[in-house]
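S.K.: One-letter residues, chain by chain:
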Amino acid sequence: MRQRIVILGGGTGGTLIANRLRRLLRPGAVEIVVVDADDEHVYQPGLLFVPFGLAKPEDLVRPRQRQLRRGVVFRRAAVDRVDMAQDVVWLADGDSLAYDVLVVATGARLMPEETDGLCGPGWNEKVFTFYDLAGAAALRDALSAFEGGRLAVAVMDVPIKCPVAPLEFCFLADWYFLQRGIRDKVELTYVTPLDGAFTKPVASRELRGLLQAKNVSLVTDFNTGEVDGQSGRLISFDGREVAFDLSVVVPLHGGQAYVDRSPGLGDALGFVPADERTLQAKARPNVFVIGDAADVPASKAGSVAHFERGILARNIASYLVGEPFGVTFDGHTNCFIESGFGKALLIDFNYDTEPVTGRFPGPIGLPLLRQSRLNHLGKLAFGWLYWHALLPGHEIPAVRGPMPKAGKHLPRHPASARLPAR
Amino acid sequence: MSTTTYAGRPVDVSDEGFFVDPGQWTEDMAAQIASAEGITELTERHWQVIKFMRHEYENKGTGPTVRVLGKTSGVTIKELYQLFPKGPAKTAAKIAGIPKPRGCI
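Listed in order, the protein sequences are those of chains A and B. Numbered per my numbering, the first sequence spans residues 75 to 496. Numbered per my numbering, the second sequence spans residues 20 to 124.
Because the hints were derived from the structure by calculation, they are not lab data. Where hints are given, some of them may not hold.
To be verified - Computed spacing ranges between beta-carbons, pair by pair:
hint, chain 1, residue 1, chain 2, residue 2, range
1, B, S54, A, W461, 57 to 67 Å
2, A, P275, B, T23, 14 to 24 Å
3, B, T95, A, A317, 21 to 31 Å
4, B, T95, A, P359, 33 to 43 Å
5, A, S170, B, R28, 55 to 65 Å
6, B, S54, A, V401, 25 to 35 Å
7, A, R140, B, D34, 50 to 60 Å
8, B, V39, A, D169, 24 to 34 Å
9, A, R144, B, H74, 44 to 54 Å
10, B, T22, A, A455, 46 to 56 Å
11, B, H74, A, V162, 44 to 54 Å
Glycine residues also receive a C-beta, built at the ideal position from the N, C-alpha and C atoms.
Please work from the sequences and hints to get the whole structure.
M.R.: See below:
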């Protein structure tokens, strides 16, 4: 009998895994259905550039269905809930889809309403986010009208998508106001719940230095409890305040609402706990997760979904024929960090190795954790590669699979860089 | 890593003072760790959070973040900050004798 794989979500992760599975599995043996509530695939790395007029919102969106290979069925519907006991997805339009294998690829959801006052007076007037298209476009207009004052960039709490993006926003803002000749009138502050500029020691130190060099103040250990858009104040749970004239926030993230409506599928935040090596959901053996929707100790970043794709496709193929999993995910993540003035940094790491200096993917390659024009060009080129190489499933030379070690300045005692054991 | 003494017994702690081996922790150490963090008395509410931290660590291998604590421990984030003013997730993890909650990268 023909088996069916249902993939929830037609964004980066869902499209990547659908196209790879379609190449791997015979259409006569396995049907592949991708479900999404709309037909707008957003190139999310481009959102950062919109507020500075460096990208146009309409250029970042393409139809979801067009990114899927022939032979992948696209079903446009919102998901009501998953019934894992019956192996059925219930859609909001009343239909249902039975599955042999389910892949959760619905990413993360922005939840500004979960922070007191954030959606109140001042929202999209003095307080913005660039994490969605409408917000990024509204912020562009506000930035161009900004003539000086205190600009606070604040992360409400982790986990967030693309953890380096708010830092990149600070670096680009420094560049942007300098171009406009008003940098001396703008006081830039970066507000984070973390105890440093970033999570891992080497990257945190380098990025803190870069914030200092660009005259951006750093406020750490700040868990925002309330945003007062009227008086222009961020207020932490422990009673500290950061005053602003304009604030750019990264709202709280959670999984999609249907995850909460599906008994046993998600955790307290709506993310789906999965084995960090096999990407199999902890709830059921025939449920898998890719990308931001997963609760695994990797970054919520497109590159993670990219590196997960090959492993997940092979593991699903093994599962369908009742064979043991043959490959595992190492947590490989790769991020360009735009630093303004036509330059960027690059970080490359996995579960066991923190971001370090050196070069990628080998001794002759892009510099890691150091500003360079090459990295900036890499970041720009990636926009084209995303649509034309990555999503269709072509391999990008040198950017595939497990994290390369050649070229990296690794500590002498690798154990010191390891994450605490689970 | 270094060694310190709680309730008369040696324990291994990280540079930031978190337990390396949660198995070395016993309940009678909590008050001494708490007072070093500026908490003079551990109330029933403190203990609710401390026990929850141990439980979460045993099940998930890492202590919860403040946000997850607020959603799942039965204590609101506002009250958590009243109980542990220096930051609930880290302070409660320290008192509960579990490693520093793993930050998401």
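S.K.: Each hint: holds or not?
M.R.: Results for each hint:
1. S54/B to W461/A: 57 to 67 Å: At 59 Å between Cβs, range holds.
2. P275/A to T23/B: 14 to 24 Å: Cβ of P275/A to Cβ of T23/B: about 23 Å, so the range 14 to 24 Å holds.
3. T95/B to A317/A: 21 to 31 Å: Given a distance of about 26 Å, which is inside 21 to 31 Å, the answer is holds.
4. T95/B to P359/A: 33 to 43 Å: For P359/A against T95/B, whose Cβ atoms are near 37 Å apart, the range 33 to 43 Å holds.
5. S170/A to R28/B: 55 to 65 Å: holds (59 Å)
6. S54/B to V401/A: 25 to 35 Å: violated (50 Å)
7. R140/A to D34/B: 50 to 60 Å: 52 Å Cβ-Cβ, so the 50 to 60 Å window holds.
8. V39/B to D169/A: 24 to 34 Å: Between V39/B and D169/A, where Cβ atoms are some 53 Å apart, the hint is violated.
9. R144/A to H74/B: 44 to 54 Å: 50 Å Cβ-Cβ, so the 44 to 54 Å window holds.
10. T22/B to A455/A: 46 to 56 Å: Roughly 52 Å apart at Cβ, these two residues keep to the hinted range, so it holds.
11. H74/B to V162/A: 44 to 54 Å: violated (33 Å)
When each numbered hint is compared with the structure, violations occur for hints 6, 8, 11.
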